[in-house]
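Residue numbers (the numbering used here), protein chains in the order written: chain A, 1 to 228; chain B, 229 to 456; chain C, 457 to 691; chain D, 692 to 926.
Because the hints were derived from the structure by calculation, they are not lab data.
Keep in mind that the hints are not guaranteed to be accurate.
To be verified - DSSO-like, lysine-lysine: derived pairs with alpha carbons at most 27 Å apart:
no., chain 1, residue 1, chain 2, residue 2
1, B, Lys353, C, Lys535
2, D, Lys763, A, Lys152
3, B, Lys291, C, Lys535
4, D, Lys832, D, Lys877
5, D, Lys770, A, Lys76
6, C, Lys537, B, Lys353
7, D, Lys763, A, Lys75
8, B, Lys263, C, Lys535
9, D, Lys770, A, Lys35
What follows is each chain in one-letter form.
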Amino acid sequence: MTIQGQLGQEQIAWRAAQDIEDGAYVNLGIGFPEKVAAYTIEGREPIFHTENGVLGFGRAPAKGEEDWDLINAGKKAITLKPGAAFFDHATSFAMIRGGHLDVAILGALQVASNGDLANWRVGDKGVPAVGGAMDLVNGAKRVAVLTDHVTKDGKPKLVEACTFPLTGVGCVTRVYTSLAVIDVDIANARFVLVEKLAHLSMDDLQSVTGAKLHVEGDVGELEVPELS
Amino acid sequence: MTIQGQLGQEQIAWRAAQDIEDGAYVNLGIGFPEKVAAYTIEGREPIFHTENGVLGFGRAPAKGEEDWDLINAGKKAITLKPGAAFFDHATSFAMIRGGHLDVAILGALQVASNGDLANWRVGDKGVPAVGGAMDLVNGAKRVAVLTDHVTKDGKPKLVEACTFPLTGVGCVTRVYTSLAVIDVDIANARFVLVEKLAHLSMDDLQSVTGAKLHVEGDVGELEVPELS
Amino acid sequence: MNKRFATAAEAVADVFDGATVMIGGFGGSGAPIELIHALIDAGPKNLTVVNNNAGNGHVGLAAMIEQGMVRKLICSFPKSKDPKAFTDRYLAGEIELELVPQGTLAERIRAGGAGIPAFYTPTAYGTELGEKKPTAEFDGKPYVQERWLKADFALVKAELGDPYGNLTYRLAARNFNPLMATAAGKTIAQVSRLVEAGGIDPEAVVTPGIFVNRLVEIANPRQEEVLNQAEARYP
Amino acid sequence: MNKRFATAAEAVADVFDGATVMIGGFGGSGAPIELIHALIDAGPKNLTVVNNNAGNGHVGLAAMIEQGMVRKLICSFPKSKDPKAFTDRYLAGEIELELVPQGTLAERIRAGGAGIPAFYTPTAYGTELGEKKPTAEFDGKPYVQERWLKADFALVKAELGDPYGNLTYRLAARNFNPLMATAAGKTIAQVSRLVEAGGIDPEAVVTPGIFVNRLVEIANPRQEEVLNQAEARYP
Chain A
1 MTIQGQLGQE
11 QIAWRAAQDI
21 EDGAYVNLGI
31 GFPEKVAAYT
41 IEGREPIFHT
51 ENGVLGFGRA
61 PAKGEEDWDL
71 INAGKKAITL
81 KPGAAFFDHA
91 TSFAMIRGGH
101 LDVAILGALQ
111 VASNGDLANW
121 RVGDKGVPAV
131 GGAMDLVNGA
141 KRVAVLTDHV
151 TKDGKPKLVE
161 ACTFPLTGVG
171 CVTRVYTSLA
181 VIDVDIANAR
191 FVLVEKLAHL
201 SMDDLQSVTG
211 AKLHVEGDVG
221 ELEVPELS
Chain B
229 MTIQGQLGQE
239 QIAWRAAQDI
249 EDGAYVNLGI
259 GFPEKVAAYT
269 IEGREPIFHT
279 ENGVLGFGRA
289 PAKGEEDWDL
299 INAGKKAITL
309 KPGAAFFDHA
319 TSFAMIRGGH
329 LDVAILGALQ
339 VASNGDLANW
349 RVGDKGVPAV
359 GGAMDLVNGA
369 KRVAVLTDHV
379 TKDGKPKLVE
389 ACTFPLTGVG
399 CVTRVYTSLA
409 VIDVDIANAR
419 FVLVEKLAHL
429 SMDDLQSVTG
439 AKLHVEGDVG
449 ELEVPELS
Chain C
457 MNKRFATAAE
467 AVADVFDGAT
477 VMIGGFGGSG
487 APIELIHALI
497 DAGPKNLTVV
507 NNNAGNGHVG
517 LAAMIEQGMV
527 RKLICSFPKS
537 KDPKAFTDRY
547 LAGEIELELV
557 PQGTLAERIR
567 AGGAGIPAFY
577 TPTAYGTELG
587 EKKPTAEFDG
597 KPYVQERWLK
607 ADFALVKAEL
617 GDPYGNLTYR
627 LAARNFNPLM
637 ATAAGKTIAQ
647 VSRLVEAGGI
657 DPEAVVTPGI
667 FVNRLVEIAN
677 PRQEEVLNQA
687 EARYP
Chain D
692 MNKRFATAAE
702 AVADVFDGAT
712 VMIGGFGGSG
722 APIELIHALI
732 DAGPKNLTVV
742 NNNAGNGHVG
752 LAAMIEQGMV
762 RKLICSFPKS
772 KDPKAFTDRY
782 LAGEIELELV
792 PQGTLAERIR
802 AGGAGIPAFY
812 TPTAYGTELG
822 EKKPTAEFDG
832 KPYVQERWLK
842 ADFALVKAEL
852 GDPYGNLTYR
862 LAARNFNPLM
872 ATAAGKTIAQ
882 VSRLVEAGGI
892 DPEAVVTPGI
902 FVNRLVEIAN
912 PRQEEVLNQA
922 EARYP
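Isolated chain A, as found in the complex (with noise of 0.2 Å):
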């Protein structure tokens, strides 16, 4: 089944900044929830963490003007912003792990209806590497996910339970897909829509879904944001 008017990456991150709030203390994971930092809504300020030591960085420097010393956790360059703070890596964790931040945004290769979270390791094929993923699901207030709805073979990405190897066990409580945006009762091991494409109908999200989406209350219709 092919889904016309599917969110890309852009669109998605743009949705995810929506629910990000004034003054929250905030982690994106290294490539596409890096995104998330662009939508930024006007008039709120999130203040961004990332795991090698800095507080309230900014965006990249122009090509050029890149000062090595001055990274994030995926090795690209930063600015700061005022009121930056640096400091070291078991501060860092300090505050992930203590429960001082507010989000972390991750990617995910699977996500499971009890809040399992797969997103570090395919198989036991390559050099495996986790950076700050465990530590991540673990720590902050409230972990969310930014994923394609299915993979790129079009096999489902939410499912009943994670096959590959888990980065966390039930800590994944929002998310943000190609097609809705749906919500994690870790309790209850259950997923419940929250908003979905408008065009697309609950059979048809439900059939790319590898577990039961549950409905309670109305069902939100996610944007499909222009950007430019």
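Since chain A is already given, all that's left is putting chains B, C and D on it; use the hints.
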């Protein structure tokens, strides 16, 4: 028995200072042990640590010159030497517990021949207070004790087994007393006499010591310094 | 982002009866006297207070104890030049004392802030302060298991603060303050000078703002030691 | 007191075959390139290296791996733009990998420096990186027990240093450096500028000198990222 020519506190502190090496990181307990700093040997530069977060402090300021944000563990005003550093309490005790301090010098109620130390509490009466003593005895590379050889009413302070509540188990390696310098062979639970007052017989010294004093090789003469 | 509160009274107004409150300082050095006195004015009861000491004289923590606000004290060294406020109540059985070795106290608070529920330390092994605690051997050496310590509120004293809550500390007044700032639900800092964002070099920040919820500027803060030498009393 | 060594070669000369060596930095930020290259010149073998990453390109840690000096790597993220040095040897079974979540790696090193033999963390519970480790429940939540990590040597990169070994760090080049400085038998720091005693404000010291054994001044240190963009190789 009254023993003539015993060392006073200043003289005991002087003797302990002879064993502090150049460049050693040293923590001096509140009160009597603090006197050791005054007898630092010319040409040696120990670096003094205080639990409340200062390395590299110096003498007390002149009266009226105190800054009460700059104090030692005994809450006495101090001054800084060039090369000093401030740090928080977790870091301060990381220095202690992590084995970074070369020497801790403490007072004692009792020291046992197995290296046990009792120095924080006499019994169940009154208000108990422990401070950093239990951390120091478990962390410093070398734990030395300064003490009168006997209590005010003549009872041994060097004993077979402590009867007062313990500060630490098997921790003291050397004791400087008013009569002698005694090493503690913790592994074999025995006191080994290093130096004694020249005019004091072995029998007289043993008679005021609560555990057997072993002798290995020569016993040195405990110097009686003339201090101005 | 502005964590500034206009007055100490507003900053501590929601400290509730029965709350656990960490109070920074080592003796008078780093003690947030104005926040403590504002808390005395507010008057919550049955507090559990975490501090290295138990107050000195009749101001600050000693005054809180005299006002009967403190049900339990968690500290390492409840002695001072003038410890009467605590001593009288302790000997009368009116205040509970949990005595903790100083390094263990610091590490328990740090663990609370860092999400480490328990750790092992050699400190207090084989002593009465290590009794009744789980023990374990690592590499042939025995250790005591200690639990994290957290609080509902932390009152800390800092030197500079900015609107984001970044803090620096003056001299040895740092001590427990940066640790306690990390371990409380609400961390309330009094700062001697509130600077604008960017007014603190990011490399010089000691407590990053993520750990701080509220800031009150108290220029020329009082020093407990100086108050005691003047035989001050609060209220 | 003067911990200064004249050259990087002298400072790393006693790193022995089979030693465990912590190397500071996060990617190229804070990586002590000159110390690493001096170590390559010295050529000890069978090293266990602790670093957040596994090198990038053909300089620094990647070059050490290419020289066959590294028997085992303890890290969180052995990937980079050009991870060939590690990847080839890892896939050929020529190098052992202990993969540790980044926060656990930081905390284990910090614990090593602080005399905490073990601690509990929620991180990795229920995952393959938490397998075979002791677990425990605290307040109804499950945790994994992790052990301290110590080394024979730590190579760190700092900005300012004084003869007592006090250090500051530049921007985000701080990262693992201050932790590793505390957790090694011998900590060797390259500093971009060696100042005299008193040349660092005591309040601005990040690593107090007690944690540092040796200092080498390397003015204008090379940056791994810049070297890699120039496709540099060492030796």
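Now for the hints, and whether the structure bears them out:
{"no.": "1", "hint": "B:Lys353 / C:Lys535", "result": "holds, 14 Å"}
{"no.": "2", "hint": "D:Lys763 / A:Lys152", "result": "violated, 36 Å"}
{"no.": "3", "hint": "B:Lys291 / C:Lys535", "result": "holds, 24 Å"}
{"no.": "4", "hint": "D:Lys832 / D:Lys877", "result": "violated, 38 Å"}
{"no.": "5", "hint": "D:Lys770 / A:Lys76", "result": "holds, 14 Å"}
{"no.": "6", "hint": "C:Lys537 / B:Lys353", "result": "holds, 19 Å"}
{"no.": "7", "hint": "D:Lys763 / A:Lys75", "result": "holds, 24 Å"}
{"no.": "8", "hint": "B:Lys263 / C:Lys535", "result": "holds, 21 Å"}
{"no.": "9", "hint": "D:Lys770 / A:Lys35", "result": "holds, 21 Å"}
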